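**Student:** Position chains B, C and D with the ligands against the provided structure of chain A, taking the given hints into account.
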Amino acid sequence: MKAVVSTFPRSHVAAAEAGAAGDNYLTHAHGIRSWLFTIDHKRIGVMYLVSILAAFLLGGIFAILVRTELLTPGPTIVSADNYNRFFTLHGAIMVFLVIIPGIPAALGNFVLPIMLGAKDLAFPRLNLFSYHLWVLGALLAVLAIVTGSVDTGWTFYVPYATTTGMGGVVPVLLGAFVLGFSSIFTGLNFIVTIHKLRPPGMTWFRLPLFLWALYATAVIQILATPVLGVTVLLLIVERVLGLGIFQPGLGGDPVLYQHFFWFYSHPAVYIMILPAMGIVSEIVSVFSRKHIFGYHFIAFSSIAIALFGFFVWGHHMFVSGQSNLVTTIFSLLTYSVSIPSAVKVFNWLATMHGGSISLRTPMLYTLAFIFIFGIGGLTGLFLGALAANVHLHDTYFVVAHFHYVMMGGTLIAMIAGIHYWWPKMTGRMYSERLGQLSFAAVFLGFNLTFFPQFIMGSHGMPRRYYNYPPQFEFLHQLSTVGSYLMTVGFVLIAVYLLHSLFAGRRAPANPWGGATLEWHCASPPPAHNFDEPPPAGDPYDFNDLEYDARIGGYVYGTRPVAADSEPT
Amino acid sequence: MSTSRPADSSAGAPAPHLQHHFTSPAQQFESVVLGMWLFLATEILLFGGLFCAYAVYRANHPEIFEYAHVYLSKSLGAVNTAILLVSSFTMASAVWAAQQSRARLLRIMLALTIACGLGFLGIKYVEYKHKWHEGLLWGKLYRPQHEAAPFSAHHAFEHGQTPPAAPTSAPGDTDVSWVFTPGDTGPRGLLAPGDTTPLVSPEPKVHNVQLFFGVYFALTGLHAVHVLAGLVLLGWTLWRAALGHFSAAYFTPVAMVGLYWHVVDLIWIYLFPLLYLIH
Amino acid sequence: MSPSEPTRPTAAHPVGHHVPLRVLAATLAALLVLTFITVAVTWFSWSDFGRAGNIWIALVIATLKAALVALYFMHLRYDRPFNAVVLISALLFVMLFCALTLMDARAYQPDIQAYRDVDPAHYAPDLQRP
Amino acid sequence: MPPAASTIAPHTDAVFYFIYTVSLFFFTLIVLLMAYFVFRYRRRVEGERGPGRTTHHTALELTWTAVPLVLVVLMFYSGFRGFMNLMNPPAGALDIRVLGQKWLWSFTYPNGHVDTELHVPVDTPVRLTLESNDVIHSFFIPAFRIKRDAVPGRYNRIWFQATRPGEYLALCAEYCGTQHSDMLARVVVHEPGLYEKWLAEAADPFRTRSLAEVGQLLVAKRCGGCHSVDGSANIGPTFKGIYEHSVTLADGSTVVADDNYIRESILEPRAKIVRGYEPVMPTFKGQLKDREITAIIEYIKALSDEATKPRSDEGTEQ
Ligand code: HEA
Ligand code: HEA
Ligand code: CUA
Ligand SMILES: [Cu+2]
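Chains as they are written, first to last, in this note's numbering: chain A, 31 to 598; chain B, 79 to 357; chain C, 584 to 713; chain D, 5 to 322.
What the hints contain is simulated information worked out from the structure, not anything from laboratory work.
It is possible that part of the hints are untrue.
[Claimed, not checked] Partial selection, computed: residues in chain C whose CB lies under 7 Å from chain D: (1) Phe632; (2) Asp694; (3) Ile695; (4) Ala697.
[Unchecked claim] Estimated spans, in silico, between C-beta atoms of each pair: (5) D/Asn92 to B/Leu306: 44 to 54 Å; (6) B/Tyr203 to A/Leu169: 31 to 41 Å; (7) A/Val270 to D/Pro286: 18 to 28 Å; (8) D/Leu64 to A/Ser109: 24 to 34 Å; (9) D/Thr32 to A/Ala524: 54 to 64 Å; (10) A/Pro500 to D/Thr242: 23 to 33 Å; (11) B/Gly213 to C/Ala612: 37 to 47 Å; (12) B/Gly213 to A/Pro500: 26 to 36 Å; (13) A/Gly582 to C/Ile671: 47 to 57 Å; (14) B/Tyr203 to A/Val270: 14 to 24 Å; (15) B/Tyr203 to C/Gly636: 51 to 61 Å; (16) A/Ala524 to D/Lys289: 51 to 61 Å; (17) A/His60 to B/His95: 26 to 36 Å.
These numbers come from a predicted model, not from an experiment.
A virtual CB, placed ideally from N, CA and C, is assigned to each residue, including glycine.
The following block holds chain A by itself, in its conformation from the complex (with noise of 0.2 Å):
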């Protein structure tokens, strides 16, 4: 990449930093109607926020639930019919709710235009449409949950969901329907302004490579999530009407299903993943005051892993009666999807190289992402494979790898991604000691509960089972004990984040020291972001950033970039 002086004027950046006592997008408008019907990206991002956190204490709450009646082999605290409903409605509510708006609706909502230069998004008015979807998508989850609630796991494979008894199979599909919309709107508008908005100077390849990875997502989100909606529609006129197209009391075909259902649910998992890569990306190059490293590598690995991700669906049917041809296809294609993936991890470690590391608290999550994402992605592999898929499908080695990948990858980013925008979106800091010490105990409880899981998933201990055989008892237990420390963990960050809100330090505008276009305005940012488009540069220039002690924060020097400091 071409090395890219910044230039941008210093008359700016001070314009921001006044313009942090005065008005912002906080302070622009009062009252709860001007947050709920409000057109801001910056507004609808912190909604969002929010609500995905509580349903993500929803979804924990359900897994809580389900570690708890683990802990002994027969039943603990619950029925098998509740166990069932829990882990259904767990997964649910943490894929749908959680983790697949997470980094996009919420922290890509607040930072895209930003980041961009831009006003606001494409469409602002979609933008809050989009929100008030996952709103009822949610308020249907909930209603199912009135309605006797759903017992057929996250999948909601036929015949068992058109057959089972549980009142709230229609209404969760519904949500589903909803959210897969509120999804598609949110892709569509990132799409549109990535291409649209782009101030002049701000060039595809000034492009942050969280956007690209946002761009990537979006792509997926287009592409796949039709196919969910026409798949839960399908599915509801199936149950309600009897349609016959997937039911093979009526002629129809189960396995078609499947082919349906991860058609969208596989790429899915990249929806999760590339905004979580993009945000590591960032965090990685600003917490090493280095140059990311490899930058259109990383770029095209966010664009090709969205376009592999469309080829191995059927890896999730290998045993599922899936013809020998086809499966054979997919375990290939598979592994198309690791190498791109593998370039990612090898350039932020060579980004590492030769940094100025700060083990700040977005650091060390950013680290745990690498470490944990390395473990789910490679358990991947296994998975793969064929001949090992057909011993651990379907058992707690699946349930580990989705959990690292998942809740240690996604997850993870997602709360080093707070803790890195936190001062720009509320103006405060948090308590960094506090931040490592929560950090401690999400790390350590992570790993207490999902590595016990792999080795009780290679022993044979199948997943969804509410009864087990008393020889995984002891891994049982750690696995519990594991995720009370991770809630522990959980709790200490809710603590302290909604201290810092009250009692918080205020934030300086650019307290980490990034260079993307977010950190030269405001903290938090004026309603408008910009009233010009800042000029753009290389998003990963910090040779211009000087620290400044009193304020806190990093300031635009005025020291010469010298001639040997050049990137080659």
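**Tutor:** This is chains B, C and D with the ligands only, laid out in the frame that chain A set:
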């Protein structure tokens, strides 16, 4: 030419419909068009799922489709196709009229489009009603009346039989033996050792005809819902046109509703031969 | 198709492309003719190209018609090429989905057929009814 | 990995450990590098800069694209080899049909005998043909490293060859409802010669036992998951004391539980639903022979007799 707005908004003054985060009307319009195309892409993928179900059943059970499609009326389908094509034309003309600030023509064209849409749904209603009476419905509700006569007797005559005899299908005749040693098929476990005669159903008859109607109703039903949504949008556009909102300076809603309507037409262009014209 | 002269965006007409009525009418005529042909070929037996042949011919004609609608009615011909990329990638992904699923469903069909052959009425609800 | 007891298992384990080794290598490499960089390049003063300046290195980047590529192709191939083996049974394998239904496995042997335990001879290829009566189940024997779904409306197949006599566990690995986790089956691998003996005996239990005794065996195997014999209610009503007693049905009417009613309950469970219970009982039509049904009725009758005159040995076993 009775527009309430000046047809010409000079480039310098801020255009009345320009939102604050866009820099020019062209940028705004192009964004909206791109957004619409992305949305249309999702619509195509939404139907894509159903086309996949269609392809799977048609490929594996061509006999069901050949047997059952005669119960659809080819002529009604053809008329409906023509109606939709004409409506697409009137819609495109409506966009042109708006671009030319020809308000009266715009209203006429929108009204014609709506009329066509209603006509389409009317004919669909006739077809659905016939199926309902004959019990030719999907999966659970498939209860064919014995008298169920093919809608187009013409077709049956052509083939010289009523109803067409079902050809015994050879499903799964794809040969992948070059990759795999084919496993033997059938429930051999219950047969006496050495007995490899495949068990064949006694009378060759077309089974699972309800699958065709399941696919038919899913596809045309989802399409009809889209027509309905299009009509609501068209009504809204016509109303705004009557209020004189559109002119050469601002016609985005007309153009966007137009794009949507064309996609509805485009999908029908595939549905018609795939469902009605099997032969 | 007669060469069309779409007007480019100007100051007076800042946005969009104006496709003249003449072009639109010609497009309609072509579409109707193509529809007539698709229906007409089903009247004659010489136009029967077998199961696979017929469906491909139907698809080709339909695609031709769809292209006309997209290019002229939907202005794609004059529009930014990226919009065409969007449309085409949507179609490609539908094809991807159909192709792999179809390939699979074809290959495992014998397992379903074998099952049905044992007891044809079991999973054929139309045979179970009186 | 659990103890390996089939010819496939060593292959599967080899694939597993191959990927394990590669993964461990890369994981250790990544973590060590990460730890080293964090230590070596840690920031001592806020605002300080590190020594590194490189922003890319194409040759290096291509290397770490290509090396994993080669490795993953090897992984694919090793997995593929094992799978092809698993999907293509050798000629002359012993054929056993496996039926999954909520929440019970049943196995049909070549001579027509139906059992809820899988018995196989050691060192003999066995081909399983899987089917299901209701929802999708998945037949999983961890010790043999095999798993295959039983999908309603079609057949699926898998085969194995057991290498060590002994007892193993088969599980249901595809979620199928309330008792998914209890849908287990005993797998017995017999020493050479003993399998035939077992089969002959199991196929004709009537030769050595009384009717009620056979009934007791059958109830324990087939009905015990839902019906108790000690008077406690389960998923279905208890069998104790119902014989010739009147039963209230869901529609409020009553019937007497005589031979015909019990027979009908077994063959057409949906015909009459007992009040207070869900209509979840599967039909046993085609799975129980007439004589077996008679045996079950005989046993239920015996249970009722016990209920009236006190006896010391209650009929619960296992
Ligand atoms: C965020 C979500 C996420 C992500 C990113 C992934 C990533 C991957 N997943 Fe995972 N997966 C899930 C979520 C995810 N998965 C979920 C939710 C399920 C279960 C659903 C259910 O049934 O309920 C699942 C299930 C699942 C299965 C099916 C298991 C089964 O049920 O039988 C398979 C099989 O192939 C698989 C494979 C992979 C692979 C190969 C990757 C790859 O993309 C991983 C690539 C990453 C790396 C390879 C690591 C980084 C690279 C290095 C450290 C360098 C060294 C690399 C090499 C030498 C190659 N996954
Ligand atoms: C993103 C997705 C996600 C996340 C984050 C989690 C998180 C957790 N999951 Fe879950 N899980 C799934 C997705 C996820 N899971 C899916 C898809 C399934 C499959 C379901 C199926 O089979 O159908 C599954 C299944 C599953 C199982 C298997 C059940 C079975 O097969 O029988 C288990 C068992 O241990 C489990 C445990 C946990 C635990 C202990 C956590 C813990 O990490 C949770 C800890 C979180 C909390 C305790 C909440 C605390 C929150 C707050 C205090 C507020 C937060 C505020 C701030 C941070 C500011 N999960
Ligand atoms: Cu049967 Cu799970
Ligand atoms: Cu996947």
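**Student:** Quick one: which hint numbers does this structure break? Sort them smallest to largest.
**Tutor:** Checked against the structure, the hints that fail are numbers 1, 8, 9, 12, 15, while the rest are satisfied.
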